[in-house]
Amino acid sequence: MKRLASFLLLVVAVAATAYGVTYYLNTRQTEDQWTWLRREFHLSAAQFARIEALHAAYQPVCASHCSRIMAVQQRMAALEQAGAKGSPDYAAALKEWDAVKHECNEATLQHLHRVAAEMNPDQGRRYLVLMVPHITQYDHREPRGVR
Amino acid sequence: MMDRDPNLSRVLKSWRHEPPPAPRFNAEVWARIEAAREAPWAAAAFIASRLGIPAQYFRWALPLGASLALAFAALLGASAGALHTSLTKNDRIAAAYAQTIDPLQMTAGHHQ
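Chain order of the listed sequences is A and B.
Following numbering that gives the first Met the number 0, the numbering of the first sequence begins with 0 at its first residue and continues without gaps.
Following numbering that gives the first Met the number 0, the numbering of the second sequence begins with 0 at its first residue and continues without gaps.
These are computed hints drawn from the structure, not numbers from a lab.
Hints are not guaranteed to be accurate.
What the hints assert, rightly or not - Computed cross-link-like contacts, SDA-like style, restricted to lysine to any residue with a CA-CA straight-line distance of at most 20 Å:
hint, chain 1, residue 1, chain 2, residue 2
1, B, Lys-88, A, Lys-94
2, A, Lys-100, B, Trp-29
3, B, Lys-88, A, Tyr-137
4, A, Lys-100, B, Ala-65
5, B, Lys-12, A, Val-20
6, B, Lys-88, A, Thr-26
7, A, Lys-1, B, Pro-62
8, A, Lys-94, B, Ala-107
9, A, Lys-100, B, Tyr-96
10, A, Lys-100, B, Ala-107
11, B, Lys-12, A, Gln-136
12, B, Lys-88, A, Arg-124
13, B, Lys-88, A, Trp-35
14, B, Lys-88, A, Trp-33
15, B, Lys-12, A, Leu-129
16, B, Lys-88, A, Lys-1
17, B, Lys-88, A, Lys-100
18, B, Lys-12, A, Leu-127
19, B, Lys-88, A, Ile-134
20, A, Lys-1, B, Gly-64
21, B, Lys-12, A, Tyr-23
22, A, Lys-1, B, Ala-68
23, B, Lys-88, A, Leu-129
24, A, Lys-100, B, Leu-103
25, B, Lys-88, A, Tyr-22
26, B, Lys-88, A, Gln-122
27, B, Lys-88, A, Arg-37
28, B, Lys-88, A, Asp-31
29, A, Lys-94, B, Leu-103
30, B, Lys-12, A, Tyr-137
31, A, Lys-1, B, Thr-99
32, B, Lys-88, A, Thr-21
33, B, Lys-88, A, Pro-132
34, B, Lys-88, A, Arg-38
35, A, Lys-100, B, Thr-99
36, A, Lys-100, B, Gly-64
37, B, Lys-88, A, Tyr-23
38, B, Lys-12, A, Asp-31
This is chain B alone, in the form it adopts within the complex (with noise of 0.2 Å):
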């Protein structure tokens, strides 16, 4: 337990603290508020703020993860999609063409 210092009470009284001055500190924080407001954690509108395009053509951005995500389900699908037919393609192809060697499948299209 610390005594009571008196000369250090006394600088402490005694100090005072002089910022420098801020005119447009009022308004930067507004205007900070405001985007964070309208576009919380978009990427883009984070990039656009430094470029001074305002945030809130970007309100509609969602997150990046989001973004991520969303982009990576459809590189997954486009991938499986791919993959699907480029390994049923022979099958398809084989059975088009036993389609014009065997008089059964030929005539099958007659059976209607």
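This is chain A alone, in the form it adopts within the complex (with noise of 0.2 Å):
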């Protein structure tokens, strides 16, 4: 019966590994995005040509967005190290910090729409389907200092 259970655990180790192994080396294998949008959604040359149009005029946007996210953090932080929780500084940038989520939101699925409006219908649904979740649904981190 001993020997038993220690094959079937050597069994189970076996199963394992392998699933671990291939698991691994598999996720290695990352094909790069623009390729993957490009395969996946069937994109024509044209429809690509202007998604890649789209996504360099977005670029600005972004690194706007970036710019007032990382200050409204910052600003946080730095009322958080001196106390300042409470004080109605602190109550103002965490109204801005959600705005500036909310706008940032906003601008972003508004991108991952006009995308998706330059592929074919079907194609433009499911690469909303796929990525609007994480957009929406992603679990952000709050600003430093905020618990």
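Put the complex together from the two separate chains, hints included.
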């Protein structure tokens, strides 16, 4: 009985090891995101070029939002370190943080819809179904210092 | 109940069996015993004995059933791993792609 139990344990260990090794090796082989986008959503050359242009046009908007986010976070962190968590300044910063988050989300979602509009209708729908949750349901970190 | 047949009894008493000579019989029996003791059930040892390879080289071999079970377990585990990565590939790449377009996710790493 003991030998059988040991052998069964060995079988489970072999299966688990094979699973782990295969999973690890396969996840290391990551496809380039643009290649994936083009292949997965069957983009024509023209569609792909327009989506690349949209992405390029979106970059300054994205950079601007990043700057605002980091500015708010730094302000809140400074107030936190100064022990002013209950102060009106902190409340105002928190309010601004909520506004920045909302604005960023809206801008990102609009970008996704513009990209989806360049695809064939069914592919665009698939794209949104896949991508929107990664924006709306992302559990982003709270600003530094806020718990 | 059979009656005792005196003729049958006489024939049985006079019957003698003369087996053919087998000078290597003893050695062959002991060689087979030795092979069975060292690798009693390994398929590799069975095949190797037919090829003249000593079974002692296969004394660590698992029984055929056990070997097949382990091979099947490895195949099953690898298949499950491949299937899992295949099913989650799009989601993983989509998550990485989202990190390049969402300012909130881009700045998340600066929160340390």
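Satisfaction of hint between Lys-1 of chain A and Lys-88 of chain B, Cα-Cα up to 20 Å: violated (41 Å)
Straight-line alpha-carbon gap Lys-12 of chain B to Asp-31 of chain A, limit 20 Å: Violated, at roughly 93 Å.
Given hint Trp-29 of chain B paired with Lys-100 of chain A - CA-CA distance at most 20 Å: violated (84 Å)
Distance restraint between Lys-12 of chain B and Val-20 of chain A, which requires alpha-carbon spacing of 20 Å or less: violated (74 Å)
Pairwise hint evaluation, Tyr-22 of chain A against Lys-88 of chain B, where the allowed Cα distance is 20 Å at most: holds (11 Å)
20 Å limit on alpha-carbon distance, applied to hinted pair Lys-12 of chain B and Leu-127 of chain A: violated (99 Å)
20 Å Cα cutoff - pair Lys-12 of chain B, Leu-129 of chain A: Answer violated: Lys-12 of chain B to Leu-129 of chain A is near 94 Å, above 20 Å.
20 Å limit on alpha-carbon distance, applied to hinted pair Lys-88 of chain B and Trp-33 of chain A: holds (14 Å)
Straight-line alpha-carbon gap Lys-100 of chain A to Tyr-96 of chain B, limit 20 Å: The hint holds at about 19 Å.
Pair hint Lys-100 of chain A and Thr-99 of chain B, alpha-carbon separation not exceeding 20 Å: holds (16 Å)
20 Å Cα cutoff - pair Lys-1 of chain A, Gly-64 of chain B: Cα-Cα ~18 Å, so holds.
Hinted pair Lys-94 of chain A and Leu-103 of chain B, Cα distance within 20 Å: holds (16 Å)
The structure is inconsistent with the numbered hints 1, 2, 4, 5, 11, 15, 16, 17, 18, 21, 30, 31, 36, 38, although it conforms to all the rest.
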